[in-house]
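Asks: This is what each chain is made of:
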Amino acid sequence: MIDILINITLLAFLAITSVAIVRLTNLFATIMLFGIFSLLSAGLFVVMDAPDVAFTEAAVGAGISTVLMLATLALTKGQKKSHEEDYEEKPSRAHRPWLPLAVVGITGAALVYGTWDIPGFGDPDAPAQTHVARYYIENAMPETGVPNIVTAVLASYRGFDTLGEVAVVFTAGVAVLLLIGGKRPKSSTSLKGDGGQDET
Amino acid sequence: MDFFTDHYNYWVVIFLMMVGLYTVISRGNLIKKVIGLNIFQVSVFFLYISIGTVEGGAAPIITEGVELYSNPLPHVLILTAIVVGVATTALALALVVRIKESYDTIEEDEIHELDHTL
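Protein chains in written order, with numbering that gives the first Met the number 0: chain U, 0 to 199; chain G, 0 to 117.
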């Protein structure tokens, strides 16, 4: 019972935080709220018996993602006089809220309709629990000698998946370096020069 | 009441998913779009971990005297997904920085206007 209570509380916090993220226009506050969102989700992962995922989410989601976003904000803020203006996102002119709301509403309704057929939350006889998961739980310890089943599956049974993951991270790192690393000619930013002339 | 306790988790997950999708569609600021994408991503993680949860089960670490464990397979998949997710986020943010250098703005409307005047 206490599990369900904590679960509902954390889910309510997450919902409130996400709505606040949409409604706030200050980008700095939005990024900080996103860090809180990641930390809350790490707590929820612990409640749902996934401590390994919680570690990763707290370190990578709440830590690295937030730092990356803050760095991007620092690199992209404008040359306004006051600091508050720098972090404000401008209200969108091309976008009316009604079309996105309709799209989101219809998609959400279809997904909720889909949950009718999902086995109940925590059902031990659900199909997901009865096939390959049972094999891992029974055989991971004798076959690999690692008590943490998640580690055993990640590094041993599905080692090739992890190799593919390393390839993806390497590719992303190379792409980021190609995009913003090293020296580039400052030719295309003529707009910035125009702004400077206006001021003088 | 049973139906509610069986499914409320999925409903909140879908709500978070739709909030993320709405942010991506309706906000013009590119950093805000990336944040919306991240919210969507985290809610997909919740969906997987919810499916792997077993009522009364323990974390999947072999311990003496524990019989029932949660499903370890979604945990493995989501561990991989989190790391890949931060890699794609870094790539998206690098693109945002590059767009700022070329267009001197990260607002979608202004980028479109500049594209049409060129």
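Simulated from the structure, these hints should not be mistaken for laboratory data.
It cannot be assumed that every hint is accurate.
To be verified - Here are some chain G residues pointing at chain U (derived, C-beta under 7 Å):
| hint | residue |
| --- | --- |
| 1 | 17 |
| 2 | 31 |
| 3 | 36 |
| 4 | 38 |
| 5 | 46 |
| 6 | 74 |
| 7 | 80 |
| 8 | 86 |
| 9 | 93 |
| 10 | 97 |
| 11 | 116 |
The beta carbon of each residue, even a glycine, is placed where N, CA and C say it ideally should be.
Asks: Which numbered hints are broken by the structure, listed smallest first?
Replies: Per hint list: 3, 5, 7 and 11 violated.
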